[in-house]
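Residue-level listing of the chains:
Protein chains: 2
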Amino acid sequence: MLLSVSSCVLQHVACMQSPQKQFLLHFCPVHYRFCLFVSVLLRKLISICVSDVEYLRSVLPAGTDAAFFSYLKELDCSAVSVSAVPEGSVVFARVPLLEVCGPLAVVQLLETSLLCLVNYASLVCSNAARFRLAAGPRRRLMEMGLRRAQGPDGGLTASRYTYIGGFDLTSNALAGRLFGIPVAGTMAHSYVTSFSSLEEVWPQTLVPCGGGGPIDFICLVKGWLGRVCQLLGSKTSLVREGELAAFLSYAIAYPQNFLPVIDSYSVSCSGLLCFCAVALALCELQYQPLGVRLDSGDLCRQSLEVRRVFKECNKQFSVPQFESLIIVGTNSISEQSLAELNKKENEIDVVGVGTHLVTCTRQPSLGCVYKLIEVRGRPRMKMSEDPEKSTLPGRKSVYRLLDTDGRPQMDLICLSEEAAPKAGVSLTCFPLGLTKTLQTVTPAQVTSLRLDVFTCGQITFPLKSASESRERAQISLQTLHPHHKRLQEPHDYTVALSEQLHSLVSDITKGNSKGSNFLLSN
Amino acid sequence: MLLSVSSCVLQHVACMQSPQKQFLLHFCPVHYRFCLFVSVLLRKLISICVSDVEYLRSVLPAGTDAAFFSYLKELDCSAVSVSAVPEGSVVFARVPLLEVCGPLAVVQLLETSLLCLVNYASLVCSNAARFRLAAGPRRRLMEMGLRRAQGPDGGLTASRYTYIGGFDLTSNALAGRLFGIPVAGTMAHSYVTSFSSLEEVWPQTLVPCGGGGPIDFICLVKGWLGRVCQLLGSKTSLVREGELAAFLSYAIAYPQNFLPVIDSYSVSCSGLLCFCAVALALCELQYQPLGVRLDSGDLCRQSLEVRRVFKECNKQFSVPQFESLIIVGTNSISEQSLAELNKKENEIDVVGVGTHLVTCTRQPSLGCVYKLIEVRGRPRMKMSEDPEKSTLPGRKSVYRLLDTDGRPQMDLICLSEEAAPKAGVSLTCFPLGLTKTLQTVTPAQVTSLRLDVFTCGQITFPLKSASESRERAQISLQTLHPHHKRLQEPHDYTVALSEQLHSLVSDITKGNSKGSNFLLSN
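Those protein sequences? They're chains A and B, same order as listed.
Counting from 1, one number per residue, gives the positions in the first sequence under the numbering used here.
Counting from 523, one number per residue, gives the positions in the second sequence under the numbering used here.
Bound conformation, chain A alone (with noise of 0.2 Å):
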């Protein structure tokens, strides 16, 4: 057996002489009701060391011709040109996405790499909007799912891709250093269950934050405490010591930010309290804390719970600070579970999300493929059984035909010689699936959907931010027909190809093209 990636570099070599070889690749989401496409780390496409070589050449049989490696070591992308559909834009299922175009042998270097760079950006980021669209636009949704990825590039790319799908906080901070993502995280349990005592506060006293001379938190924490018990019937002789201490050290660290988890022993007869106790002792210096979190049982109930408490506690103390104190709630949310909060009563204002999410449990893996779709101006063809997986052939331009609303109603794919729909006059063109029959659309507007990106070598489109490439994202899917984005049995989206396109798949298909030669005589 061999290394794939020499067996065709070879053959360019010895083709060296003759017109570069020009061929055309496209991405075809497979598989998936929609993805979101995100687009290739450009720059980052092809770069070979000596000592790449050199290895390459210690696993290659002895034979192989010495002029592979030298050009192996001058490899470039000058002469490779993408054009592609813009990051965070709403894809469907064939419709080829992105178009490579250079020598064949670099071209088919980069298959695995932009395969790998694309496919799993696209999953994380589809799935990251499902999650969007199960918790309603109101409830903030934080990715916390690094432990469970493929390593700290996996998780990077998680905390990215989930993001523009429509998250708005990461627990990853390295991906907040990145990409400009908001990072936001509460404390562990560990944090909390390491603490046995009040004598390991240290230190005992906060500045109120208007100022003035420290005050003894400790003691004014146990006042409350005091109080909150007798308002609801608590026995302060549950409450667990190494809980308040926690909960204590870090409101002096961070009084503005008293955000703690309450279930490491018992929400009720313990965390609640203890949050109470400290929260209005913060909100006595004039402090605002921001809420509690919730890891574990049943979040609906324990969340009408905790509100049931903090409305009491302003009512009796007159702490309006209360009111907009915020739970967060974390406890393996998959998609389903987060459709089903929505259904139930509940007061969880932020969710966190982790490995539902970055394993994609609901569907694992994209199955992008890339296919040669032009070698030398003559169009190619893969042809299957399975009328899904064969592949349309020749360079094509995609389109979008947008109705009367505004609305996404067809892409259309057509051969990019010829001439772009126009809004306003009616076309004729092929349904893929299952209707094989014509069909006569008028768009009210059409729109391209693919931008040159990197044409010989160099970036030609700005590259995006991560929260620009959410903010398309977003509005790419707003756009959508409610019915196409709908969770469980959405309608499928059409995507058609124009009668020219349709006329030479049938060409190859029977055998009548250039491009699919047989061997007449031996």
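The hints are simulated quantities; they were obtained by calculation from the structure and are not laboratory data.
Keep in mind the model is a prediction, meaning the values are calculated, not measured.
C-beta: ideal position from N, C-alpha, C; glycine also.
Possibly wrong hints are sitting among the right ones.
What follows is a set of in silico ranges between Cβ atoms, one per label pair, in the way DEER data are often shown [stated by the list, open to error]: (1) A:P214 x B:L696: 40 to 48 Å; (2) B:Q726 x A:E417: 29 to 37 Å; (3) B:S970 x A:C209: 49 to 57 Å; (4) B:E1011 x A:D298: 30 to 38 Å; (5) B:K1032 x A:Q230: 23 to 31 Å; (6) B:A942 x A:L463: 57 to 65 Å; (7) A:E305 x B:S970: 43 to 51 Å; (8) A:Q500 x B:G748: 34 to 42 Å; (9) A:D298 x B:Q1010: 30 to 38 Å.
Restricting the straight-line Cα-Cα distance to at most 25 Å, the calculated cross-link-like pairs of lysine-lysine (BS3-like) are [as the list claims (entries may be wrong)]: (10) A:K382 x B:K757; (11) A:K485 x A:K343; (12) A:K222 x A:K235; (13) B:K757 x A:K510; (14) A:K235 x B:K1032; (15) A:K235 x A:K315; (16) A:K235 x B:K757.
Counterexamples of contact, computed for chain A against chain B with all Cβ distances above 12 Å [stated by the list, open to error]: (17) P320; (18) N342; (19) P490; (20) E499.
Since the structure of chain A is already known, use the hints to place chain B on it.
Here is chain B on its own, set in the frame of chain A:
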């Protein structure tokens, strides 16, 4: 809300004058029947640079203690020690496979990094081991999942740990270079379909393996194609000229590595005939062709047909080389389809697996947890209504007890201060799980599972190469009793607590321990 990294660290700075908090943490694999432990990349544990600290300063509240940032800049792992199960050992649910000891803040900062490094690596390694068990020991397995991994780094992790789990080859050339994993691959369909005519084949000659003048290889192959078609009753007019040209070019470049993909058009009408013609010509020039790859359709049925044709060619043309040709199968292979392959008649020698291997579709995430077990010499325990989610308190040792056949019969978790169990001496213990009763066992052999791998910031156990860990993994799996490792409905493996650890758990659960302070007065 707040970065969780900082909440505990500030506490640490505040406590700098008190005796350093020592605490212990362990990994406990839950949810999975068994998992292979893979060691953390210890050198990467912590390295915070100045600009990272400046980023943290920019996102933390203005009032954050300046000493915290100075502390961060000085942070290192010089006071951290780790004991761990060696990479490639089988571990079972609830066994503490890694114990980290060090200053509270540092060890808490390591939580997500360690979980991120261990979780996916262990999961994908265990998944690979299941594929190996399903495939049986004879069939060779090739990992080819890069394009579905979570980016390049996720793909590298997958290549390394699937090799350790029992795969033989990878298509990831960088993994081959970095970890010494044997690399392999065949050609892409796009390589085959990029050719359309024999005119594109250049050079057209091949020098025989034993030396001599260059032979017109196209002419030679055309002759063989005619004879093959005659033998099999096939029509040369259905043979794809482009496919033949691709195979010719490949064979001329790599006469000793001829292993083409033969399903680009039609295996029986074109691909197999082209292969036989080129392979027979190679044999005539004393080269040994390697075999074929099948990438679609019913792999079993096709492999039988391909093998029949190989035998017929040998019978007719006396080419014993055709008896050792291999057949590679690659087509969305899952653990289940691999197991089914073993039940159906087929002639597949090598199986390539991508998506289902690296994304672990059967179970997409592993839930190792990292929990506090001791603070300043006092045991800590997380209690939960779900006994599976409770942690085991205190510093511990883990022993594997073997029966008289040398097979593991039980893992025994003891407090570290207890004496190790002795071979031939009976002991009593409490198995975890449903049976709460005391059990008596007399081990024939006792081994300690964990080793000190990192002591006060230094690696103290030599890091193993991928092939050394692979060997350990295979031995570790082989010693298991078959009923513990069968893929469907395996027997539970017993993990038990020593009497002393069991009574510590009971004490803490009943609130009798010093570790569980309640607030007795306010």
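Each hint tested on the structure:
1. The hint said 40 to 48 Å for the Cβ distance between P214 of chain A and L696 of chain B, and at roughly 57 Å that hint is violated.
2. Between Q726 of chain B and E417 of chain A the beta carbon distance is about 35 Å. The supplied range of 29 to 37 Å therefore holds.
3. In this structure the supplied range 49 to 57 Å holds for S970 of chain B paired with C209 of chain A, their Cβ-Cβ distance being about 55 Å.
4. The beta-carbon spacing between E1011 of chain B and D298 of chain A, approximately 32 Å, falls within the hinted interval of 30 to 38 Å.
5. Taking the beta carbon of each, K1032 of chain B and Q230 of chain A are about 28 Å apart, inside 23 to 31 Å as hinted.
6. For A942 of chain B and L463 of chain A, the hinted distance range of 57 to 65 Å is satisfied, since their beta carbons lie about 59 Å from each other.
7. The given range of 43 to 51 Å is respected by E305 of chain A and S970 of chain B, whose C-beta atoms sit roughly 47 Å from each other.
8. Checked against the given bound of 34 to 42 Å, the beta carbons of Q500 of chain A and G748 of chain B, roughly 40 Å apart, stay inside it.
9. Restraint check, D298 of chain A to Q1010 of chain B: a C-beta distance of roughly 34 Å satisfies the suggested window 30 to 38 Å.
10. For the given pair, K382 of chain A sits about 22 Å from K757 of chain B by alpha-carbon distance, which is consistent with the 25 Å threshold.
11. Pair hint K485 of chain A plus K343 of chain A holds up; C-alpha atoms about 19 Å apart against a cutoff of 25 Å.
12. The straight-line distance between the Cα atoms of K222 of chain A and K235 of chain A is roughly 13 Å, inside the 25 Å bound, and the hint therefore holds.
13. A C-alpha spacing of about 18 Å is found between K757 of chain B and K510 of chain A, which places the hinted pair at or below 25 Å, so the restraint holds.
14. A C-alpha spacing of about 18 Å is found between K235 of chain A and K1032 of chain B, which places the hinted pair at or below 25 Å, so the restraint holds.
15. Of the pairs offered as hints, the one joining K235 of chain A and K315 of chain A holds, with about 21 Å between alpha carbons and a cut-off of 25 Å not exceeded.
16. Straight-line distance between C-alpha atoms of K235 of chain A and K757 of chain B comes to about 91 Å, which puts the hinted pair past the 25 Å bound.
17. Look at P320 of chain A: its CB is around 21 Å from the nearest CB on chain B, clear of 12 Å, so calling it non-interface holds up.
18. Residue placement check: N342 of chain A keeps its beta carbon more than 12 Å from all beta carbons of chain B (closest about 22 Å).
19. Distance check on P490 of chain A: its Cβ is at least 23 Å (rounded) from any Cβ of chain B, clearing the 12 Å threshold; non-interface status holds.
20. Its beta-carbon lying about 25 Å from the closest one in chain B, E499 of chain A satisfies the requirement of being farther than 12 Å from that chain.
This entry does not satisfy hints 1, 16, going by the numbered hints stated previously.
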